[in-house]
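Q: Chain by chain, the residues run as shown.
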Amino acid sequence: MFQCRQNDEQGFTLIEVLAATTLLLIVFTCLFGIYVQSTAYNTSNREKLQAVYLAKKAVSTLRSDQATVPKNAKEGDEVNISAYNLNQSPFEVKATVMKRTAEADQVQLLPVQISVIETNSQKILAKTFVYLKEASS
Amino acid sequence: MKRKQWNEQKGVTLIELLAAITLTTIVIAIAFSALFSAIKIYKDNQAQARLQQEADIILSHLNQISEKQNEITIRLSPDSRTLTIAANDDTYTYTYDQNYYEISINSNQLQPGDSVTLKTNTPIPILLYVKDRNLSNQQVKVSTTLERIH
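Which chain is which? The protein sequence lines are A and B, in order.
According to numbering that gives the first Met the number 0, the residues represented by the first sequence are 0 to 136, in order.
According to numbering that gives the first Met the number 0, the residues represented by the second sequence are 0 to 149, in order.
Since the hints were made in silico from the structure, they are not lab data.
Incorrect hints may have been included.
Stated by the list, open to error - Calculated lysine to aspartate or glutamate pairs in the DMTMM-like style (CA-CA distance at most 25 Å, straight line):
no. : chain 1 : residue 1 : chain 2 : residue 2
1   : B       : Lys9      : A       : Glu102
2   : B       : Lys42     : B       : Asp78
3   : B       : Lys67     : B       : Asp113
4   : A       : Lys126    : A       : Asp64
5   : A       : Lys126    : B       : Asp55
6   : B       : Lys42     : B       : Asp113
7   : A       : Lys126    : B       : Glu53
8   : A       : Lys93     : B       : Asp55
9   : A       : Lys47     : B       : Glu66
10  : B       : Lys118    : B       : Asp88
Chain A with its partners taken away, still in its complex shape (with noise of 0.2 Å):
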């Protein structure tokens, strides 16, 4: 009996088995995607904290080397400040002039936002300000 069951059996067909292996393969593909996702996750995050201590650092080095605005700035202009070698591969810095205030006005302080972008994507990845002085001339 069991013998004659066993002989009725047919097996899978090649086709089957082939559909099998396709979806198969599908699920292993959506599974990997995890992996990839993880990966841009790390890239992201490292960007991220690399780009923070880069403003940080712009931020003291402009102050500390007192650097300047040209006089009657107004917002929106950009600061040149590629003589501070603040770009650092992947990432550039770039100065922005903000709106004037009237209590930095009395002490000749402009605020100057600093943004640090990953040059590829021209993304911003940290964003910070900082007051610096209106050049006399």
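Given the structure of chain A, go ahead and fit chain B onto it with the hints provided.
A: Coordinates of chain B only, in the frame set by chain A:
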């Protein structure tokens, strides 16, 4: 009776068997290569995350101490695997089997086994590398300045 049934079995031909083995091998090869690259990516990610956290905590401690204390001592063990940050009453030691550290202060690299004492009343430019001993492509580099906010 039993004998007869046994002889009726057709079995598989050598060609069928070879085809089945080939297909199975291909499937297993694909599955395993996916598995191995997943393991590699997992290890790389794990190492990267560990190095990042290490760099983050070292820098946040350095920042904290430089805000509070007038002097700060940084010491690197001879094998570069232990970094110690000490001030009056705070001492932090960082060590992990797989990590090693490189630290430059004012563009001078701190040699293994050396220590340096810094005054915190002026800004201190710092370049810190946290690297993995086994995975040479894994490292975190952070460049910053320690400064007191007056």
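Q: Is Lys42 of chain B within 25 Å of Asp113 of chain B, Cα to Cα?
A: violated (32 Å)
Q: Between Lys47 of chain A and Glu66 of chain B, is the straight-line Cα distance small enough, at 25 Å or below?
A: Distance of about 23 Å is within 25 Å: holds.
Q: Within 25 Å, alpha carbon to alpha carbon, are Lys126 of chain A and Glu53 of chain B?
A: Measuring from Cα to Cα gives roughly 23 Å; hence the hint holds.
Q: Assess, step by step, whether the Cα of Lys9 of chain B is no farther than 25 Å from the Cα of Glu102 of chain A, and give holds or violated.
A: violated (97 Å)
Q: Does Asp88 of chain B lie within 25 Å of Lys118 of chain B when you go C-alpha to C-alpha?
A: Satisfied, since the Cα-Cα distance of roughly 16 Å is no more than 25 Å.
Q: CA of Lys93 of chain A to CA of Asp55 of chain B, is that 25 Å or under?
A: Distance ~24 Å between Lys93 of chain A and Asp55 of chain B Cα, so the pair holds.
Q: Regarding the pair Lys42 of chain B and Asp78 of chain B, is the alpha-carbon distance no greater than 25 Å?
A: OK: Lys42 of chain B and Asp78 of chain B at ~24 Å, within 25 Å.
Q: With a cut-off of 25 Å on the C-alpha distance, tell me whether Lys126 of chain A and Asp64 of chain A pass.
A: Given pair Lys126 of chain A, Asp64 of chain A holds - Cα atoms ~20 Å apart, limit 25 Å.
Q: Given the hint that Lys126 of chain A pairs with Asp55 of chain B, does the C-alpha gap stay at or below 25 Å?
A: holds (18 Å)
Q: Next pair to validate is Lys67 of chain B with Asp113 of chain B; report whether the Cα-Cα distance is within 25 Å.
A: The given pair, whose Cα atoms are some 24 Å apart, holds under the 25 Å limit.
Hints 1 and 6, counting from the list given before, are not met by this structure.
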